[in-house]
Amino acid sequence: MKHTSLALIVLATASCSSPAVDTARPRTQSSLARTVEAATDVPSRPVKKAARRASKDELTQAYTYFDGAKRRTVYLSPELVAEFAPSDAGRDAVLAANDGYAERWVAEPTARVWRVGRRPDADAFARGLSNDTSHFSAVLHEGPSSELPMLALPGGVVASFRADWTRAEIDRWLATRGLAVERELVPGSNTFLVPTEPGLPALELANRLHDSGELISCTPNWWRRASVR
Amino acid sequence: MHSRLFTSFTAALLVLAASCGGGGGGSSASPSSQVPSAPANVAATLHGQDVVLTWSASQGAASYQLFGSDQPGITGTPAESVGAVQASPATIHGIPVGSRVYFALRAKNGAGVSELSDEVAIDVVPQVGLDPLFAEQWHLDNTGQHGGTTGEDADVLPAWNAGATGKHVRIAVVDDGLELAHADLTANVVPAKSINYADGSNDPTGGAHGTSCAGVAAAVADNQLGGKGVAFDAELVGYNVLANLTTANEVDAMTRNAPEIAISTNSWGPADGLGIPQPAPATWQQAVVAGLDTGRGGKGTVYLWAAGNGSSVQGMLADDSNLDGRASFFGVIAVGAVGDDGKKASYSENGANLLVVSPSMGRANHAITTVDRSGAAGYNDGKKPSDYADADFTNTFNGTSSATPLVAGVVALMLEANPDLGWRDVRSVLAHSARRNDPFDADWTQNGAGLFVNHKYGFGVVDAGAAVQLASQWTNLGPLLVVSTQASQPGLAIPDNDAFGVSDSLDVAGSGIQAIEFVRVFFDADDHTYSPDLQVVLTSPSGTASVLADHHLAPHGPQAYDDLVFGTTRLLDEPADGTWTLTVRDLEGGDVGTFQTWGLSILGH
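One line per chain: the protein sequences are A and B, in this order.
Taken in order, the first sequence gives residues 529 to 757; the numbers are from the working numbering.
Taken in order, the second sequence gives residues 37 to 641; the numbers are from the working numbering.
Just chain A, same shape as in the assembly:
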């Protein structure tokens, strides 16, 4: 069987090490201002053995979610947390919870990613930082390496209901589960954003709703980074 039906696959427990002692100096990642340099070299065939290198921080805590009908696997970062609606209070919370040290890894208008040192409980740690202004999530990667694209969970799931369900039926179905529609995403498609708390609870709820078999699909409302080209 190619895919497990388990939502959470803990392959191994990440070791607990001392928090990284980093300065508060931000790492510059100005991908949005990037331009592409002209080069004249014609790409040659790769030499895998030269390029292939063992990741120095293989990620081990795997989670799955549904992307439509396809189950995909993501990996928890033990040392990054994402802050949504960044604020001074959020920064202070990170520093206070991490012995006064944190490195701002990503700074975007609506999200920051902080490197806080390896933690076995990165998601719980992240959610414990949330306050009235900022919300925190664990950071995950699209593969078992921290150098692969990152994702985080600002809260919410995207739920697609069958076309023959009325809006009233959808509202009732959600209400019985303590949920409600925030907004319709594609007009007329019965696809809605349903709010949840940030972090892994959003992923777990998306999986529960998908596994109910009553929806066409349900996926977490991921936050991603993209590149301009």
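Check before you lean on any hint, since a few could be wrong.
To give an idea of the interface, some chain B residues facing chain A are shown, with a C-beta separation under 7 Å as derived from the structure [unchecked claim]:
1) A279
2) N280
3) L281
4) T282
5) A284
6) T291
7) S303
8) W304
9) A307
10) A342
11) G435
12) G593
13) A596
Now the in silico label distances, taken between C-beta atoms and shown as ranges [said to hold, decoys possible]:
14) G716(A) / D235(B): 22 to 32 Å
15) V709(A) / A400(B): 52 to 62 Å
16) P515(B) / R705(A): 33 to 43 Å
17) S740(A) / T617(B): 47 to 57 Å
18) L623(A) / T222(B): 41 to 51 Å
19) A228(B) / A708(A): 40 to 50 Å
20) R695(A) / A535(B): 56 to 66 Å
From chain B, some residues computed to sit far from chain A (all C-beta separations above 12 Å) [what the hints assert, rightly or not]:
21) Q95
22) G109
23) H641
Hints in this document: simulated from the structure, not taken from any laboratory.
Here the structure is a predicted model, which is why all the values come from computation and not from measurement.
Glycine is no exception: its CB is placed at the ideal position from the N, C-alpha and C atoms.
For chain A, the structure is supplied; the task is to place chain B on it using the hints.
The following block gives chain B in isolation, referenced to the frame of chain A:
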């Protein structure tokens, strides 16, 4: 007096092209013993600074002799000869701007030469308007400025001279922002229709990248500021989804005000250069399909997508555009990039999913001239020697980011010329009108429908003049047919480091598809321990090969080819019925796996 004909530019006059059809009566005419009649209905029109002559065919003519002069009263002397063509039309290049010129022609066959036709006159007037940086915009009119190759551009002048400027066509720039109040954009910005996903307002001002993209597509013309956009009268809205890229916002950005959105231009995607498959989220696919169904009043929003800049990492082949699930989706048009010499931009990714390419990569300090964030907020910070004095404009924009809004602008010109084009028609018109650039590149091949196609270039460089002309006379494609095969499960072990590989075939019969528009290929080899070793090639019943994935570098490690979906445009207009073959080769030693399953979904009519 006629000895002075064209004294200043005789040598520059060249007959560039003449079609073999349309006018008829040319080389295909049967031999005649009668001298043909003089050509009638001679007309001259201006396309940029070229003059296009057209005429009605003369019965029995085998060819036509063209004569020109800067004086009226052509008599057909050798000194007035411009050249010979076999049929109408003929394009005459190199006439100095500001000239009034006169033309006449004779029909010819084995029996003799006709009388001269009536003479026509035309003024070659300046077409460039009042934009001080237009002369720097080699992507619009490459005159060889800064060392580029004359003519290696998007050929916009003929489209403009035909009256297409993008009026009433709305372009959504989906990016990091759009400076609504920029002096060279604001006249084209639609008030209160943009969105800022960071704060929910209607003002996405803040992103230099999106602002520059908007300028390429639709900067205002003839306002004594900067240069021109391709579709300088088009309407602009900005959706800054990159400021808050969530699943929900991405869906919104693809469908927001879809009935009003003609074109969605997207110069972004997953990180380039990783060499790993990055599938498109199902929610995004659903949103794009909704836009195809409901956008532009039901004719479909046209989605343009940057093919990606990750062609080369550490000097080795890395990303193929087909690994980006958005750029390879059937509902988008993937755009690659070429330089001012008409050859592949070093960064532009190969891909069977590419439809066209467009000019992007200039010489050092002379990339694409476009709008920049006002003042020092953008790319022009005044610190580079080559920076324009006016900091509201830049000459450093490039990448497939720049290539994509250029094509968006061309599509706007097409949709103004023919608003009835459906999204599928736009794709077909772009492919059929593209110019075959870099003609000696070894990858060019003719597909089963006779169209030249190339993994680096798709069907070639976008040609605005040809696209507008073709769009204006286009008959929409018939209803879309979609035929999906059963999944084949060959379960074949892929021999390690073996150039022969393994193959599996599927037969398609009775599909009803006479002309393919796009093919989706579902592929799984997820137990292979190093997927970048694999080359995956689809061969159509007509024998056209599409390289869907190639042996490449994944600098941060591989990701399995797990239920991937590739796309190919290369089979345009081929029939679908027959035997399809997928070949999988492992081209580097040390890892093995299994060619597990594959299948096809063929779109066409």
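Cross-check of the supplied hints:
1. Residue-level restraint check for A279(B) holds (minimum Cβ-Cβ distance to chain A is 5 Å; threshold 7 Å).
2. For N280(B), the interface hint holds, since its Cβ comes within 7 Å of a Cβ in chain A; the closest pair sits about 4 Å apart.
3. At a threshold of 7 Å, the smallest CB-CB gap from L281(B) to chain A is about 5 Å, leaving the interface hint in force.
4. Contact between T282(B) and chain A, as hinted, is supported at the beta carbon level, the nearest pair being about 5 Å apart and thus within 7 Å.
5. For A284(B), the interface hint holds, the least distance from its beta-carbon to any beta-carbon of chain A being 5 Å, beneath 7 Å.
6. Hint on T291(B) holds. Least Cβ distance to chain A is approximately 5 Å, under the 7 Å limit.
7. The interface hint given for S303(B) is met, as the beta carbon of that residue sits about 5 Å from the closest beta carbon of chain A, less than 7 Å.
8. Interface hint status for W304(B): upheld, as the beta-carbon distance to the closest one in chain A is roughly 5 Å, under 7 Å.
9. With 7 Å as the threshold, the beta carbon of A307(B) comes within range of chain A, its nearest partner Cβ sitting at about 5 Å, so the hint holds.
10. The closest approach between the C-beta of A342(B) and any C-beta of chain A is roughly 4 Å, which is under the 7 Å cut-off, so the hint is satisfied.
11. For G435(B), the suggested interface contact is upheld, since its CB lies about 4 Å from the closest CB of chain A, less than 7 Å.
12. At a threshold of 7 Å, the smallest CB-CB gap from G593(B) to chain A is about 5 Å, leaving the interface hint in force.
13. Taken as an interface hint, A596(B) does not check out: its beta carbon lies about 9 Å from the nearest beta carbon of chain A, beyond 7 Å.
14. Remark: the range hint 22 to 32 Å for G716(A) to D235(B) is upheld by a beta-carbon distance near 27 Å.
15. At about 53 Å, the beta-carbon gap between V709(A) and A400(B) stays in the expected band of 52 to 62 Å.
16. Distance hint check: the CB atoms of P515(B) and R705(A) are about 42 Å apart, consistent with the given range 33 to 43 Å.
17. A hinted range of 47 to 57 Å for the beta carbons of S740(A) and T617(B) is inconsistent with their spacing of about 42 Å.
18. The beta-carbon spacing between L623(A) and T222(B), approximately 42 Å, falls within the hinted interval of 41 to 51 Å.
19. Checked against the given bound of 40 to 50 Å, the beta carbons of A228(B) and A708(A), roughly 29 Å apart, lie outside it.
20. The given range of 56 to 66 Å is respected by R695(A) and A535(B), whose C-beta atoms sit roughly 57 Å from each other.
21. Every beta carbon of chain A lies more than 12 Å from that of Q95(B), the smallest distance being close to 53 Å; the non-interface claim holds.
22. Every beta carbon of chain A lies more than 12 Å from that of G109(B), the smallest distance being close to 52 Å; the non-interface claim holds.
23. The non-interface label for H641(B) is consistent with chain A: the shortest C-beta to C-beta separation is roughly 26 Å, beyond 12 Å.
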